[in-house]
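Colleague: Residue-level listing of the chains:
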Amino acid sequence: MEKRATLNIAGTKINPASSQLLVSTGIPALDEKLGGGVPVGGIVLIEEDAQGSYAKVMMKYFLAEGIVNKHSSYIASLECDPQEDLFHSLPAQTNTDVEDVNNPMGNNKMSIAFRYQHLPTRDKQIKSSFGHYYDLSKCISKDLTATADVKFLKEVVNVDEDPYNELLMDIRSRIFDGDNVLLTGNLATKNVLRLGLHQLGTPLWGGSVANLKKFLYYLRALLRKSFSVAMITIPTHLSEELKAAFDERLVYISDIALGLQAFAGTKLERNKSLADYNGFFHFIKIAAINTLVSKHPGSVEFTFKLRKKKFSIETLHLPPDLGDDESNKKEAPQLGCGSSTKHLLEF
Amino acid sequence: MLPTYLKNKPPPKCVLIQDSVKVKGNNFLKHIINNHKKFNGVVKQLYLEFEYNRSLNDDGLLKNVEKHDFIQECENQRTADDQIKEILSLINQESCIVIIDSMAHMIINFGKDKTYSLVHKLKQSNKVVQVVSILHMDMFNENDGIFKYFNHLSTLSMKLSPMFMSEWPRVNYTYKKVAGKIIEENEQFSFVNGELVTKAIEKLDPKTLVQTAPAVIPEALTTFKISLNESDKKLRDNFTLPYLPKDETVKQEGGGLIHYEFDDIDDWDEEDPDDDLDI
Numbered sequence: 001m002e003k004r005a006t007l008n009i010a011g012t013k014i015n016p017a018s019s020q021l022l023v024s025t026g027i028p029a030l031d032e033k034l035g036g037g038v039p040v041g042g043i044v045l046i047e048e049d050a051q052g053s054y055a056k057v058m059m060k061y062f063l064a065e066g067i068v069n070k071h072s073s074y075i076a077s078l079e080c081d082p083q084e085d086l087f088h089s090l091p092a093q094t095n096t097d098v099e100d101v102n103n104p105m106g107n108n109k110m111s112i113a114f115r116y117q118h119l120p121t122r123d124k125q126i127k128s129s130f131g132h133y134y135d136l137s138k139c140i141s142k143d144l145t146a147t148a149d150v151k152f153l154k155e156v157v158n159v160d161e162d163p164y165n166e167l168l169m170d171i172r173s174r175i176f177d178g179d180n181v182l183l184t185g186n187l188a189t190k191n192v193l194r195l196g197l198h199q200l201g202t203p204l205w206g207g208s209v210a211n212l213k214k215f216l217y218y219l220r221a222l223l224r225k226s227f228s229v230a231m232i233t234i235p236t237h238l239s240e241e242l243k244a245a246f247d248e249r250l251v252y253i254s255d256i257a258l259g260l261q262a263f264a265g266t267k268l269e270r271n272k273s274l275a276d277y278n279g280f281f282h283f284i285k286i287a288a289i290n291t292l293v294s295k296h297p298g299s300v301e302f303t304f305k306l307r308k309k310k311f312s313i314e315t316l317h318l319p320p321d322l323g324d325d326e327s328n329k330k331e332a333p334q335l336g337c338g339s340s341t342k343h344l345l346e347f
Numbered sequence: 001m002l003p004t005y006l007k008n009k010p011p012p013k014c015v016l017i018q019d020s021v022k023v024k025g026n027n028f029l030k031h032i033i034n035n036h037k038k039f040n041g042v043v044k045q046l047y048l049e050f051e052y053n054r055s056l057n058d059d060g061l062l063k064n065v066e067k068h069d070f071i072q073e074c075e076n077q078r079t080a081d082d083q084i085k086e087i088l089s090l091i092n093q094e095s096c097i098v099i100i101d102s103m104a105h106m107i108i109n110f111g112k113d114k115t116y117s118l119v120h121k122l123k124q125s126n127k128v129v130q131v132v133s134i135l136h137m138d139m140f141n142e143n144d145g146i147f148k149y150f151n152h153l154s155t156l157s158m159k160l161s162p163m164f165m166s167e168w169p170r171v172n173y174t175y176k177k178v179a180g181k182i183i184e185e186n187e188q189f190s191f192v193n194g195e196l197v198t199k200a201i202e203k204l205d206p207k208t209l210v211q212t213a214p215a216v217i218p219e220a221l222t223t224f225k226i227s228l229n230e231s232d233k234k235l236r237d238n239f240t241l242p243y244l245p246k247d248e249t250v251k252q253e254g255g256g257l258i259h260y261e262f263d264d265i266d267d268w269d270e271e272d273p274d275d276d277l278d279i
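First to last, the protein sequences are chains B and F.
At position 308 of the first sequence (counting the first as 1) the number is 308 in the UniProt record's numbering, and the numbers step up by one without a gap.
At position 35 of the second sequence (counting the first as 1) the number is 35 in the UniProt record's numbering, and the numbers step up by one without a gap.
One thing to keep in mind: the hints can contain errors.
Here are the computed lysine to aspartate or glutamate pairs in the DMTMM-like style, where the Cα-Cα straight-line distance is at most 20 Å [claimed, not checked]:
no., chain 1, residue 1, chain 2, residue 2
1, F, Lys177, B, Asp85
2, F, Lys199, F, Glu219
3, F, Lys121, B, Glu240
4, B, Lys267, F, Asp266
5, F, Lys148, B, Glu161
6, B, Lys151, B, Asp135
7, F, Lys114, F, Asp81
8, F, Lys85, B, Glu241
9, B, Lys243, F, Asp82
10, F, Lys177, B, Glu269
11, B, Lys267, F, Glu187
12, F, Lys67, F, Asp81
13, F, Lys37, F, Asp59
14, F, Lys85, B, Glu155
15, B, Lys214, B, Glu241
16, F, Lys177, B, Glu84
17, B, Lys154, B, Asp81
18, F, Lys225, F, Asp237
19, F, Lys114, B, Asp160
20, F, Lys112, F, Asp82
21, B, Lys267, F, Asp59
22, B, Lys142, B, Asp160
23, F, Lys121, F, Glu75
24, F, Lys112, B, Glu84
25, F, Lys127, F, Glu75
26, F, Lys112, B, Glu161
Coverage of chain F stretches by chain B, computed from C-beta distances (three or more under 8 Å per stretch; other residues unrestricted) [claimed, not checked]:
no., stretch
27, 117-127
28, 157-167
Please keep in mind that the hints were generated in silico from the structure rather than gathered at the bench.
Just so you know, even glycine gets a beta-carbon here, dropped at the ideal spot from N, CA and C.
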């Protein structure tokens, strides 16, 4: 415990229940559902939506949170340019939540359900001093990116052999270069290393799923030795093999596994009751470190939506059925004691 | 809406035309090349030719073109890596559009991972204005995962299917906008004087469909006589079915009588164990 007392890294906090060091994902609402944040030394897996765009937004939040807290970063992607498409387009920090959701319902005065007048129309967001808020419409300031300690992996040399091996060696050298992210050494100089690994498992990574599993095992061992935390997105829709591997093995290797299921391009897109949302958000696995059970996120079904400035995760609330569909109205069964037709038992 | 998306500026970076023997995608290819000629002037073309495409060669659409002839390469027996290197070296000079005809042959030659990686590199390159490729769907199985790979890579993917209850064939396309929005539509298309024309698929009203449907003539469906003519009908009307009440007034003549003739050696049993034969 004495060691912990001297450890003071910006953007981290200790979960008092499990005495586990946590970092923020950059989305305070998500941190709260995960039990405070992401445990340091852990792997967060994200099962990508069909187009990968929402997973990329989550990755940006995660990396932006690191840059703002002056954490070290490592970004790898073969599908896009990690420097241009990820690092330089990170969202800018704002002091307050960009869409303040705690506003009660405008000026519409309720005459019957007046007790609900002052309730917020959406989920109450947790005010957190831990994570920061970001504005997706603005890019991170150049001063921050210029001073950031960040390294990239844009391409691998030997695609025919095992590209994951090259990535692993690169990460290994990043961790062991100096001792500021290792668990041993002077705790006062420690920092967190955030790894953002974008779209692993695509054909550009050699297409071998076995290699990906091996890589994740090694990576987990490496992360446990250091103050590092990794966020990995995997486009499982690309092949059946990758999807099977994700469900069978990769989720078990990870500490936190999240799934994004976008409505775009599917039948759910035209579903009126889901029109407010962009997709389902699945909590596939939540870490239970130093505890017997993981935290329950609070509900069963979650959705996400991406607005101009903000990506938010909310509990799925179906809108009231106002019966604007004529056919539904006619077929609705008559309930209760009275009936529309004359009946002997009417009272 | 599809012609508008094809004319968008900047043009969709990676266009994938999935065709089959029934509906060929050649006209789409020509239309896209023509668009470049009309709106962007003559752009350098890098034409990766895996099969000889007569219509494209004869129409004189290929101008300012750098051809990479894979039919020739097959004879030279160069490795896939060498060929990929050469293709990548060709795009480094001036901006160009890359035409892959067809990607199916490329996948068979190079393997799907190498093809994916090559198309991805072409797509990422600043020098490449657009990558247009034709993928013959007949040549692969749905389970190969090839369509998923290349749909993931493409920004505008079109799937052509033959006409169905309409005069024009259909196209199902997915367009990924730069901002992240995805548009998926089904339209029917035709080429009028080389120009692409599309219109929405009209949903037929089931009521009118039933009214306009040709009446089914049962006689035409059978090999035997199923209907009745006038004399048949008369006979039917006059026939009294056995279970109907009979007219009691009709006098019954005679009655049934069994004349039993003995055989030469008849097996006559004189016993009547049941006492019912009246012997």
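Colleague: Would you mind marking each hint as holding or not holding in the structure?
Modeller: Here's how the hints hold up against the structure:
no.	hint	verdict
1	F:Lys177 / B:Asp85	holds (16 Å)
2	F:Lys199 / F:Glu219	violated (40 Å)
3	F:Lys121 / B:Glu240	violated (24 Å)
4	B:Lys267 / F:Asp266	violated (85 Å)
5	F:Lys148 / B:Glu161	violated (24 Å)
6	B:Lys151 / B:Asp135	violated (24 Å)
7	F:Lys114 / F:Asp81	holds (9 Å)
8	F:Lys85 / B:Glu241	violated (30 Å)
9	B:Lys243 / F:Asp82	violated (33 Å)
10	F:Lys177 / B:Glu269	holds (16 Å)
11	B:Lys267 / F:Glu187	holds (17 Å)
12	F:Lys67 / F:Asp81	holds (18 Å)
13	F:Lys37 / F:Asp59	holds (13 Å)
14	F:Lys85 / B:Glu155	holds (16 Å)
15	B:Lys214 / B:Glu241	holds (15 Å)
16	F:Lys177 / B:Glu84	holds (19 Å)
17	B:Lys154 / B:Asp81	holds (6 Å)
18	F:Lys225 / F:Asp237	holds (19 Å)
19	F:Lys114 / B:Asp160	holds (10 Å)
20	F:Lys112 / F:Asp82	holds (16 Å)
21	B:Lys267 / F:Asp59	violated (41 Å)
22	B:Lys142 / B:Asp160	violated (37 Å)
23	F:Lys121 / F:Glu75	violated (26 Å)
24	F:Lys112 / B:Glu84	violated (27 Å)
25	F:Lys127 / F:Glu75	violated (30 Å)
26	F:Lys112 / B:Glu161	holds (16 Å)
27	117-127	holds (count 3)
28	157-167	violated (count 0)
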